[in-house]
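K.L.:
Sequence:
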Amino acid sequence: MTTDSIFKADSILKFVLLTLLIFSSIFCVQAQTSDASQSEKLKALQNELAERQRKLQSNLTSAEELKAILKRSELAIAATAKALNNTQNELSHNSKEQASLKVQAENLKERVAQQQSQLAAQVRSAYMAGNYDYAKMVLNQDDALRFERVLTYYQYFNKARQSAISQFRSDIQQLESINKRLEEAAVKLKALLKAQTSQTEELKARKEDRQITLAKLNSAISSQSDEIAVLLQNEEALIKAINEAEEARQRARENDLSLNGLSKFKGTLLVPAKGRVQKLYGKRRQGQVRWKGIIIEGAEGGAVNAIHQGRVLYADWLKGFGLVIIIDHGEGYMSVYGHNQALLKKAGDTVRSGEAMALLGQSGGQAYPNLYFEIRHKGKALNPMQWVDF
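Position one of the sequence shown corresponds to residue 25 (this note's numbering), numbered consecutively onward.
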């Protein structure tokens, strides 16, 4: 019975592996088709961007038109960067899952080997004890005590053997299940790596397109008076966005009583992003325009975190600031995060202290990756260096 169980388990395992092999072959054909599709998609994108840049070079495009083009370009970059970030998170999860499954598989293999040894030992023990014919023992009762001892021995032996065989079968089935999950994880990993490559190439193409548009926009805004006018317009756009978001929240009666402001946490708030801090608050920026916040130079794609718990008031592209998130902390306190590469939260979402809300970038026409950061109280800009524990 034991040998049959082992043979049956081996047959099932071989069948499962054969099925997975066939499935993998089918997937390879599909993957090749997918590769061709991704390549064609990227080629079409590159042709589209090249055509747009040719039109820009041949036509006299106004600064406002260029800003609109820049916005579309940066929103496309944001979508691709967010997809790439999700893919990288899935790759990390897949890697951890495979490592865990491999440990489980190794442990099960060791246990199955031990069970095989135990079953073999039981068979040897029964053989060495003698090949008793149960029918003869029942008919020949000359030695009743001996018969009773042997019968008791057989009962214990059968129970132990049945228990061992049952556990052996269970472990074989579990091992088959884990091997199947490992195969599925490997297939998914292959697909994720292909997606990552495609998304990376698309992101590169869109960044190059953005750089050309940005250079043309900067040349269109040449004089100092133009630059000051743009800065003032940008600041007005930010204030307008804050006011509109606040009014919308009040209309919806979304006041969260758990948001008790930032006054108790002055000087201890979390750093919003890793990087080199430019202490710009209050300094002259251009003409009479002064900095209302600070710049943190960091790595592109790095996490932008909430300095404290709150609710997302605004999450969208804003002229001059690119992709912006504004967090309401209650009691009139807000924090502003601009120039992001991609947004991971939307308006209305709640955020925990230190939670990632965006990816650091250079949207809003920035020449290098950075985070623009402000803290405001009832509309008035505060010095972030006095509030955040840098």
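Hint data in this document are derived by calculation from the structure and do not stem from the laboratory.
Values in this document were obtained by computation on a predicted structure and should not be read as measured data.
Do not take every clue at face value.
[Stated by the list, open to error] Computed list of lysine-lysine pairs in DSSO-like fashion (alpha-carbon distance at most 27 Å, straight line):
1) Lys120 <-> Lys369
2) Lys218 <-> Lys120
3) Lys218 <-> Lys303
[Claimed, not checked] Pair ranges (Cβ atoms, derived):
4) Ala391 <-> Ser116: 36 to 46 Å
5) Gln128 <-> Val295: 21 to 31 Å
6) Lys290 <-> Thr224: 37 to 47 Å
7) Thr292 <-> Ile252: 50 to 60 Å
8) Thr224 <-> Asp413: 44 to 54 Å
Positions of the beta carbon are idealized from the N, C-alpha and C atoms, including for glycine.
K.L.:
Against the 27 Å threshold, does the CA-CA distance of lysine 120 and lysine 369 hold or violate the hint?
P.N.:
26 Å, holds
K.L.:
Check the hint pairing lysine 218 with lysine 120 against an upper bound of 27 Å on the C-alpha distance.
P.N.:
19 Å, holds
K.L.:
Decide if the proposed pair is consistent with the structure: lysine 218 and lysine 303, CA atoms, cutoff 27 Å inclusive.
P.N.:
42 Å, violated
K.L.:
How does the Cβ-Cβ distance of threonine 224 and aspartate 413 compare with 44 to 54 Å: does it lie in that range?
P.N.:
At 35 Å between Cβs, range violated.
K.L.:
Honestly, do lysine 290 and threonine 224 meet the 37 to 47 Å range at C-beta?
P.N.:
41 Å, holds
K.L.:
Between alanine 391 and serine 116, is the Cβ distance one that fits in 36 to 46 Å?
P.N.:
31 Å, violated
K.L.:
Given the hint of 50 to 60 Å, check if threonine 292 and isoleucine 252 actually sit that far apart at their C-beta atoms.
P.N.:
36 Å, violated
K.L.:
Tell me if the beta carbons of glutamine 128 and valine 295 are separated by a distance inside 21 to 31 Å.
P.N.:
39 Å, violated
When each numbered hint is compared with the structure, violations occur for hints 3, 4, 5, 7, 8.
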